[in-house]
Amino acid sequence: MINLMFYFFALIAICSALYAVSTPLIIRSVFAMFACFFAIAGLLVFAQSDFIAVSHLMIYVGGILVVMVFGIMLSQGSSLSAVVRSNKTISLHQYLVLIVCVSVFLVLSYFFYQYAPNTSIHYEGSDLQLIGIALLTKYLFPFELLSILLLSVFIFTAIITRKKKELN
Amino acid sequence: MNITIGHFLMISAALFAIGFYAALRRRNIILVLIGIELMVNAAVINLVAFANVNKNGNTQDGKLMALFAIVLSAAAIALALAIVVKVYQHFKTINPDEIEEFKN
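Protein chains in written order, with the working numbering: chain A, 1 to 168; chain B, 169 to 272.
Bear in mind the hints are in silico, worked out from the structure with no lab data behind them. Just so you know, not all the hints are guaranteed correct.
To be verified - With the C-beta cut set under 7 Å, the calculated list includes, among others, these residues of chain A facing chain B: (1) F8; (2) A10; (3) A32; (4) L108; (5) F112; (6) S126; (7) L128; (8) I131; (9) L146; (10) T157; (11) T161.
Since the model is a prediction, treat every value here as computed from it, not as a measurement. The beta carbon of each residue, even a glycine, is placed where N, CA and C say it ideally should be.
Using the sequences provided together with the hints, build the complete structure.
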């Protein structure tokens, strides 16, 4: 039963990712990424890390995808549906890209199949306490550095997207 | 059949290849960003899966690296989308093939 749910999440993640990169409408690909990120969070729960799964959901679904929807709204003008231009000059490029990506997948899966450690994963309770202790002892400095970096990134983002009139 | 680390690695390989395809095809800048996000997610799945290998030390290193990677990619995407909005205001398009000159 548990294995069945794992394969279900994996199927949703890969299929929605494929749909997201292949659909011509950009807004549909963003909404397919919602499903993909939910499924990836489910997979992270299967890998014994609840806290990472919850923060993944909050950051990706609650943050990044909403920001992406705003970016599409601000960059597509009045119509949310991006016009697909079928340039014949790009088709060779697309075939090359497809071949490269399939070969990347084959090489990666070959190495993972050959050299992956055969450790089976069982769920053994929440990891929240251990992560909290590690964040405030061993990883205190990277944690604080990351928070300062995030603050400065958000300030600079606000400065960049400001109207030009205020800059003068 | 138990779920092993190899299963997670296979899924992450597939997600990485899909993200690589989206990033290389560059039809739209936002689609390129989605591809980069998929590749970051593949790396996060790998880190979390390999965090389960060392049972003796009971370390949380892999999970914390995954957390830091998620936060860094969030920062990168926020900055990239700000740049996308400015590029649209300047060039009136976000197709990377049509943006040819960054002068002026």
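Taking the least C-beta to C-beta distance, is S126/A closer than 7 Å to chain B? violated (12 Å)
A10/A as an interface hint toward chain B, with CB separation required under 7 Å: Given a least distance of 5 Å, the restraint on A10/A holds.
Do the numbers back the hint for L146/A, that is, is its least Cβ distance to chain B under 7 Å? holds (6 Å)
Chain B contact restraint on L108/A - CB to CB distance below 7 Å: holds (4 Å)
Hint A32/A vs chain B: min CB-CB distance below 7 Å? Check failed: Cβ of A32/A comes no nearer than 9 Å to chain B, outside 7 Å.
Should the hint that F112/A touches chain B count as held when the rule is a Cβ pair under 7 Å? Cβ of F112/A sits 4 Å from chain B, so the hint holds.
Would you check whether I131/A satisfies its interface hint, that is, whether its CB is within less than 7 Å of any CB in chain B? With a minimum Cβ separation of about 5 Å from chain B (threshold 7 Å), the hint on I131/A holds.
When the nearest CB of chain B is found for L128/A, is that gap smaller than 7 Å? Violated, about 10 Å.
Residue hint T161/A, partner chain B, criterion CB-CB below 7 Å: Holds: closest Cβ of chain B sits about 5 Å from T161/A, inside 7 Å.
Hinted contact T157/A with chain B - closest CB pair below 7 Å: Since chain B brings a Cβ to about 4 Å from T157/A, closer than 7 Å, the hint holds.
Take the shortest C-beta to C-beta distance between F8/A and chain B; is it under 7 Å? violated (12 Å)
Taken one by one, the earlier hints fail for this structure at numbers 1, 3, 6, 7, listed in ascending order.
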